[in-house]
Amino acid sequence: MNDAAVMERPAHLTTVIPDPDMNPVKVEARDVCVFYGAKQALFNVSIDIPERSVTAFIGPSGCGKSTFLRCINRMNDTIDGTRVTGRITLDGRDIYEPSLDVVELRARVGMVFQKPNPFPKSIYDNVAYGPRIHGLARGKAELDAVVEASLRKAGLWNEVKDRLDDPGTGLSGGQQQRLCIARAIAVNPEVILMDEPCSALDPIATARIEELIDELKANYCIIIVTHSMQQAARVSQRTAFFHLGNLVEVGPTQHVFTNPRDTRTHDYITGRFG
Amino acid sequence: MNDAAVMERPAHLTTVIPDPDMNPVKVEARDVCVFYGAKQALFNVSIDIPERSVTAFIGPSGCGKSTFLRCINRMNDTIDGTRVTGRITLDGRDIYEPSLDVVELRARVGMVFQKPNPFPKSIYDNVAYGPRIHGLARGKAELDAVVEASLRKAGLWNEVKDRLDDPGTGLSGGQQQRLCIARAIAVNPEVILMDEPCSALDPIATARIEELIDELKANYCIIIVTHSMQQAARVSQRTAFFHLGNLVEVGPTQHVFTNPRDTRTHDYITGRFG
Amino acid sequence: MAGYAFILILFMSLLAFYIGRSAGNRFHVAAGRDTHSLPGYHGAFVAVWVGIPVLVLVLLWLGLQRPVIDQLLIASLPDAMTAGADRAQLSLYISEIRNVASGRIFAEPTEAIRIAANSLVRWEALARWAMLVVAMAVMLVALIIARSRLTPRFRARNAVERVLSGLMIFCSLVAILTTLGIIVSLLYEAWQFFRLVPVTEFLFGLRWEPQIAIRADQVAGQGAFGAVPVFTGTLLIATIAMLVATPIGIFTAIYLVEYANERTRKMVKPVMEILAGVPTVVYGFFAVLVVAPAVRQTGSLVGLEISPNSALTAGAVMGIMIIPFISSLSDDALKAVPRAMRDGSLALGATRGETVTKVLLPAALPGIMGGILLALSRAIGETMIVVMAAGLIASLTFNPLDSVTTVTVQIVTLLIGDTEFDSPKTLAAFALGLVLFAVTLCLNVIALRIVQKYREQYE
Amino acid sequence: MSSSDASLSASFDWSSQTAAARRRKRHAADRRLQLCGIAAITVALGLLAVLLISLISNGYRAFVQTMVTIPVYVNPDHVNADDPARGNYRAIVAQSLQALFPDVTDPAEQRLLGQILTNNSQFFVRDRVVADPSLIGRTFELTTPAADPFDQLEKGVIRRDLPESQRRVSDLQIGWFDKLKAEGRISTPFNWGLFLNADSRFPELAGLSGAIVGSFYALLVCFLISFPVGIAAAVYLEEFAPKNRWTDLVEVNINNLAAVPSIVFGLLGLAVFLGFFGLPRSAPLVGGMVLSLMTLPTMIIVTRASLKAVPPSIREAALGLGASRHQVITDHVLPLALPGILTGTIIGLAQALGETAPLLLIGMNAFITAPPGGLLDASTALPTQIFIWADSPERGFVDRTSAAILVLLGFLVLMNGIAIFLRQRLERTW
Amino acid sequence: RDQIRVVGSSTVFPYSQAVAEQYANATGAKAPVVESTGTGGGMKIFCGGVGPDHPDVTGASRAMKKSEWELCESNGVVDITELQIGFDGLSIAVSRNNTFDWDLTEAEIFAALAAEVVVDGEIKPNPYKKWSQINPNLPDIDIVVFGPPPTSGTRDAFVELAMHDGCNAYPEIKALKDSNKDRWNEVCSRMRQDGPFVEAGENDNLIVQRLNADPNVLGIFGFSFLYENQDTLKDVKVDGVDPSFETIADGSYDIARPLFIYVKNAHRGVIPGLEEFLAEYVSDAAIGKGGYLAERGLTVMPDDQIKEMQERVRQSIKMSAPAS
Ligand SMILES: Nc1ncnc2c1ncn2[C@@H]1O[C@H](COP(=O)(O)OP(=O)(O)OP(=O)(O)O)[C@@H](O)[C@H]1O
Ligand SMILES: Nc1ncnc2c1ncn2[C@@H]1O[C@H](COP(=O)(O)OP(=O)(O)OP(=O)(O)O)[C@@H](O)[C@H]1O
Ligand SMILES: [Mg+2]
Ligand SMILES: [Mg+2]
Ligand SMILES: O=P([O-])([O-])[O-]
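Protein chains in written order, with our numbering: chain W, 60 to 333; chain F, 60 to 333; chain H, 20 to 478; chain D, 3 to 432; chain L, 10 to 333.
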């Protein structure tokens with residue numbers, strides 16, 4: 060393989076394909092570097108993520124997609140020895156400023172993980188967990204309403220409405236993942252982060268989730284990490300390509316896939332590595 | 060996704076694309092079924108694998124590629140509760156007949172794994188281990204020669220010749236994987252099985268391995284499992300597509316990718332699922 | 020001489036190994052890859068067959084030699100001495116003969132003894148040489164047979180590995196044999212006991228006064244063997260121990276797993292391990308000399324009357340002993356909850372505390388429960404602390420300030436120093452031991468099942 | 003927020019007063035839980051500290067010993083040069099002491115004077131003379147432990163301000179002792195005897211060497227049995243045994259044995275080793291065997307855990323090359339698991355070292371004044387020695403009991419320390 | 010077996026230890042093994058039989074009982090020499106931190122510790138919880154007394170020497186002695202089991218340390234323990250007499266008893282060193298005035314009695330069956 064092209068320009072400069080139709084910016088990152096102990100996992104990532112649309116992060120394994128995603132709701136704080144430099148803002152407010160309460164931040168920025176991780180509780184309690192701890196519902200009736208609305212939005216209501224008291228872990232993989240999405244929606248977030256939400260699912264469940272993402276993008280800013288370029292092409296409006304900790308290229312999905320400007324992007328989407 | 064097409068014909072029948080140029084058959088499987096306890100993982104797989112060429116197994120996660128691969132050197136024996144029915148022959152001899160010594164079989168059918176797994180010993184000892192236990196070399200000088208030859212074949216000699224006593228685990232991922240290949244070659248096998256040998260590697264290392272496979276196919280029968288269709292297209296002469304435990308389609312790589320005859324194959328290689 | 024025998028066996032095995040290996044080497048040169056096994060395995064095969072049977076033989080010989088010679092000695096003594104002598108007298112003779120034979124003469128031995136001592140010296144020498152000769156013969160035969168089986172295609176490796184597997188199976192059986200040994204010996208003695216005291220009285224009787232008169236004219240306990248007060252006492256102390264240890268242990272685990280940074284963990288964990296490693300006899304002293312007076316003084320300050328052997332003291336100190344046990348098991352259980360659960364909760368905006376109490380603890384509960392049950396069985400079986408700090412008198416009470424006794428205390432006091440095996444008092448100890456074993460067995464099996472199920476759930 | 007849709011679409015005001023107050027309360031609850039954790043750890047460690055302090059405050063005194071140095075004249079009247087071992091050394095020591103106090107002439111007082119030195123000082127003189135018969139007729143300086151009451155006096159345990167009737171030493175004796183002190187004949191060096199002497203009736207001479215050697219023998223036996231058997235059993239169960247009802251039973255059984263009260267093993271040893279096989283009472287061999295039955299399950303469990311921790315990829319790699327299962331284990335798995343196994347072994351042995359109850363039942367709590375010469379000699383062990391000393395009336399034994407506990411704890415901490423070190427240094431995480 | 014084995018009384022244990030050590034040091038022979046099993050336990054093992062599996066010597070803090078003699082006889086242990094080694098006082102002691110000047114009569118001791126006592130002229134289960142209920146002049150504190158368990162000779166001696174005398178002070182009980190001997194024995198011998206009397210195991214030193222820690226409890230143990238701990242413990246006068254070497258030896262202190270060792274003559278000449286060990290035990294240097302056992306708290310016998318013991322050893326004089 061010929062990697063000479065990669066060397067043509069400084070690796071950490073991002074090719075940004077301009078996009079006049081982009082929605083207003085919801086999340087903005089500038090020069091974000093992340094270190095795990097001594098090891099640097101992200102190099103000077105700068106990106107604008109628009110609201111009410113789906114942004115996909117793609118790239119080979121270990122390139123830092125998850126790492127960057129987890130910076131946005133500060134989940135990286137929970138790993139010992141992680142250090143983040145640079146600036147990330149949500150609606151213009153720096154999320155790393157000391158006065159900010161991560162509890163509030165994480166309520167506003169929901170997250171769905173690669174492996175469905177429902178709590179070992181009933182379906183109802185899974186969804187009600189967030190509203191309860193944040194005090195979003197007054198009384199049982201209101202809570203019931205929130206749970207129902209969230210499950211409906213996640214397209215799960217009809218399948219589970221008769222067994223809300225069954226354990227969430229008893230559902231199939233795809234249902235569990237939708238339950239996790241319902242759980243995230245229930246606290247009424249503004250941004251939803253999804254880290255390879257379908258990679259543990261079968262094709263049919265994957266399709267259901269993709270439809271769901273499509274519906275949700277009307278109200279939320281959604282960021283999805285995926286290892287499947289086809290999935291990125293299907294669900295996202297914008298795509299960012301990461302490689303070895305660098306954000307190589309970002310722009311409208313259409314452009315990135317059909318007309319990549321960086322050789323690395325090109326090699327990746329044509330399957331020459333990864 | 061529309062799965063109706065899949066239903067058109069009995070699922071376990073394999074579409075075999077005829078190939079007049081195929082090399083003589085090395086490994087032949089007939090009606091192989093594999094059960095993990097009560098769960099059936101493979102359904103009536105029948106396939107001919109030619110010598111001195113590369114055969115690729117592709118298919119979505121969990122479709123049984125690894126399972127079938129591990130039948131060929133009876134590595135499945137090591138998992139409790141595994142049961143294999145059907146018939147697999149190597150050069151016409153049934154490898155599941157009771158009188159056969161698996162130790163000898165595995166010496167003839169080498170294996171390379173998804174995650175590079177060098178022994179935590181020196182580079183030299185890694186390569187020398189196989190020849191030692193099989194008594195393939197008399198004396199130190201002969202062993203040295205075997206080690207050097209294997210490392211050369213694996214394209215690693217120049218990189219490690221000055222530090223043969225360093226631990227094999229200290230090498231980079233790609234070097235480790237080549238070390239594992241050298242280790243497999245050192246016992247002089249006839250078949251080499253590779254289970255996603257590049258999926259943990261970076262693009263450059265991947266390219267090196269692919270080159271290596273290309274060289275090795277002149278002497279060995281190579282079977283490679285990969286999740287990258289591009290890789291299958293690049294390195295293999297024949298491709299077999301597995302789905303849900305069935306061998307759906309097998310034939311010359313060119314044909315399978317450009318002109319699949321089964322809708323499932325088509326959906327998969329066009330990225331509609333997986 | 021036994022030493023020489025072992026050296027000889029070692030030497031012969033090495034020789035056998037060498038012979039086998041050279042044969043293997045020759046096959047290898049001749050047949051190359053067609054040889055089944057490496058030369059070393061051929062060597063090991065011959066060595067195993069030369070060494071192991073003879074080793075068993077020599078050990079048996081050594082075990083039997085002495086009793087056989089003793090029999091011969093007694094037979095050689097004049098009838099006048101042996102007639103009417105009981106076993107004890109005979110063994111005294113033997114003892115004297117052996118002393119004389121080894122040159123320890125302090126009183127003038129009789130002529131018969133002197134003659135016997137001389138024959139003893141002769142016989143022993145004879146037996147030693149006989150053993151060497153027999154061993155040598157056996158080894159030579161084995162060597163010839165084993166060597167004759169070697170061929171290039173001979174599966175020496177498989178044969179050696181079969182022997183190794185056999186040895187390993189034998190070793191795994193030791194655990195079973197131990198259990199069987201425990202059960203059989205306890206059952207046997209307990210059965211003797213139940214012939215003297217009905218099971219129902221033992222299990223349901225309310226009075227326990229086992230220190231019965233050991234002489235007819237002594238007035239002591241009246242020999243009541245109703246173990247209920249002993250059981251309740253055990254339960255009382257174990258409960259107190261659990262009440263002390265459970266919260267401390269669980270909170271410690273929570274802190275270490277969820278809040279502490281790496282450095283604190285690295286410091287606290289070894290110290291907790293010291294707490295776990297303190298011998299229980301030390302805790303016993305601690306209970307008697309430090310805790311008991313302190314408890315009593317505190318009690319008298321608030322006007323409470325506390326027995327010096329109060330269940331409270333024994334239980335509390337036992338609780339201290341168990342803390343590390345519970346904390347490490349809870350630690351394991353909390354850690355076994357997949358990180359994904361924690362992440363899921365934190366990502367919803369839960370605080371760490373909420374994550375622990377609402378998600379992790381409920382999820383880890385089976386594991387923690389299992390740990391607590393295991394700890395409870397520890398508490399029930401713990402001996403030295405209660406031997407020193409709890410009472411000897413079995414009173415039927417649930418007042419933690421009173422003195423109660425426990426099963427283990429009774430076992431020790433009934434058995435120490437006194438090794439007679441026929442008084443109900445001694446046998447009662449085995450009956451108690453049986454109950455103790457049965458109860459801890461049940462607890463352990465239940466607990467282990469719970470823990471295992473729990474682990475599997477997240478595997 | 004009445005309709006469900008409304009509740010979701012209406013954005014929640016995170017910066018409102020109520021929301022902020024609620025968050026403050028939640029953070030406070032979080033801190034409370036954290037405080038509970040800290041409190042629990044503090045209590046646990048505090049208790050350990052109290053335990054150690056109470057031991058040290060008693061035990062430190064036993065680490066020094068009051069010694070008396072006197073010139074000894076080996077009077078040829080009392081020793082025959084042909085047979086120096088049979089002299090009347092009691093008289094020699096008494097006369098030498100009296101020579102320092104010429105004005106003490108009353109026989110009763112002379113006897114009191116003699117009590118200043120340890121009873122066994124006569125044997126020290128004998129041993130010197132036997133070793134060097136040329137001392138007969140000459141004078142040499144003998145340094146010998148002071149008898150326990152004077153040791154306690156020097157250390158301030160026996161208080162001089164008490165009325166004479168309440169003291170173990172009389173005013174007269176204190177006077178003599180002070181005179182010796184004024185002459186520089188009293189010293190308090192480190193008490194090596196605590197480690198080098200065997201048990202003794204006399205606290206000033208009592209040491210732990212018998213118990214240490216006994217414990218060593220018992221642990222040696224325990225190690226020699228449980229280490230190979232444990233590893234073999236663990237390897238079989240983990241690597242070879244088919245998973246069926248039988249092996250399940252063995253597994254449950256082993257886990258259960260690890261939790262069986264140690265006293266039950268004592269009962270087993272008593273019934274089987276002493277009762278059935280007729281092995282001698284109080285022997286370290288029997289002690290070691292009982293302890294090994296106790297540590298064996300722990301060994302098996304730890305070894306299995308270490309074997310499990312070796313990643314399957316290593317096994318697969320070796321199997322894939324055509325190694326037999328035995329070869330895989332001896333060549334790869336065992337070497338890699340060894341650090342873990344060693345750690346477990348040390349911890350198991352440390353537990354065995356501190357175990358008392360089963361040893362009491364097999365009679366390893368006797369009084370023996372010489373270290374055992376072999377596995378079948380009667381002997382004590384460290385924990386049982388503690389138990390015996392605790393029962394001795396002399397005041398010196400109170401200190402020595404605590405000191406012995408400290409020594410035992412020292413050994414345990416040492417062993418655990420080695421285990422932790424091994425774990426941190428050698429064990430790899432995969 | 011090439012080692013002497015000694016079992017028996019925990020009271021005699023320290024003395025046997027001292028002699029064993031002296032013997033081993035003086036002769037260079039292998040050290041005897043001394044186990045403390047309590048007098049009763051020791052007798053039981055000792056009488057188990059003749060032969061290397063059975064101990065050679067047992068210590069006793071009271072004379073051998075008839076029943077024990079019979080046990081010995083039935084097991085073929087008939088040739089036994091009985092050696093008295095001295096006296097021991099049974100002291101009742103209390104911490105020096107306790108300010109009360111204790112002086113109990115045997116009747117009061119009985120009333121405090123017996124299972125059944127005389128209340129209003131009737132024999133009833135012991136109702137007393139506080140000392141002051143027995144005698145208003147005694148302190149108003151709970152009765153808590155640590156004492157030895159039934160396997161120990163100390164307990165037997167205490168029962169016989171203190172409790173029996175104490176119970177005879179009550180006419181109602183004394184009357185029983187003639188009418189119903191068994192009942193009398195039962196009433197006079199049974200210690201209470203309801204708490205105030207705490208059986209503290211064989212470990213006397215632990216009792217001492219617990220007294221130090223707790224000024225309001227009394228303890229019963231051998232005088233040697235009190236002698237060693239006189240700075241922290243003080244004695245309780247019994248019928249007005251303090252225990253001391255003098256009062257014990259002359260009999261004015263009432264609860265004192267002789268200490269014995271018993272030797273199997275069949276083992277002499279068979280077990281190496283037994284002769285020398287016994288000679289050492291009864292030597293003047295050991296049990297004589299100013300001997301090393303006296304230093305450890307043994308109350309010494311008159312010289313002629315010592316001479317007699319030495320004679321018994323020399324001639325292996327066989328003891329005759331005890332009367333009771
Ligand atoms: N907790 C951690 N400690 C140390 N290094 C880490 C940690 N987590 C991730 N890394 C490293 O940081 C780099 C980026 O990891 P990240 O998980 O973000 O990759 P990714 O793009 O999400 O990969 P994948 O597709 O496999 O999920 C990798 O090299 C990884 O090894
Ligand atoms: N040891 C096992 N026990 C039980 N089921 C197993 C085991 N190994 C694999 N399976 C199941 O068998 C099926 C085939 O698995 P296999 O590993 O062969 O798939 P694969 O095609 O190699 O997938 P991947 O691309 O993820 O490696 C899967 O459903 C899997 O869950
Ligand atoms: Mg990731
Ligand atoms: Mg696979
Ligand atoms: O041990 P005792 O002296 O009390 O029998």
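Please keep in mind that the hints were generated in silico from the structure rather than gathered at the bench.
Glycine included, each C-beta is placed from N, C-alpha and C at the ideal position.
Be careful, since some hints might not be right.
Claimed, not checked - Derived lysine-lysine pairs resembling DSSO-like cross-links, with alpha carbons at most 27 Å apart:
#	chain 1	residue 1	chain 2	residue 2
1	D	K310	F	K174
2	F	K180	D	K310
3	H	K377	W	K199
4	D	K310	W	K180
5	W	K174	H	K354
6	W	K174	F	K212
7	F	K180	W	K98
8	F	K98	H	K472
9	D	K245	H	K472
10	H	K472	W	K180
11	F	K98	W	K98
What the hints assert, rightly or not - Only some residues are given here: those of chain H computed to face chain D with a beta carbon under 8 Å:
#	residue
12	M100
13	T101
14	I188
15	V193
16	G296
17	F304
Stated by the list, open to error - Chain L is faced by these chain D residues, among others (derived, beta-carbon under 7 Å):
#	residue
18	R33
19	R34
20	N121
21	W194
22	S202
23	A380
Hints and how they fare:
no. : hint            : result
1   : D/K310 - F/K174 : holds (19 Å)
2   : F/K180 - D/K310 : holds (19 Å)
3   : H/K377 - W/K199 : holds (18 Å)
4   : D/K310 - W/K180 : violated (31 Å)
5   : W/K174 - H/K354 : holds (18 Å)
6   : W/K174 - F/K212 : violated (40 Å)
7   : F/K180 - W/K98  : holds (26 Å)
8   : F/K98 - H/K472  : holds (21 Å)
9   : D/K245 - H/K472 : holds (16 Å)
10  : H/K472 - W/K180 : holds (17 Å)
11  : F/K98 - W/K98   : violated (43 Å)
12  : M100            : violated (24 Å)
13  : T101            : violated (22 Å)
14  : I188            : holds (6 Å)
15  : V193            : holds (6 Å)
16  : G296            : holds (5 Å)
17  : F304            : holds (7 Å)
18  : R33             : violated (40 Å)
19  : R34             : violated (37 Å)
20  : N121            : holds (5 Å)
21  : W194            : violated (19 Å)
22  : S202            : holds (6 Å)
23  : A380            : holds (4 Å)
Comparing the model with each earlier hint shows violations of hints 4, 6, 11, 12, 13, 18, 19 and 21; every other hint is respected.
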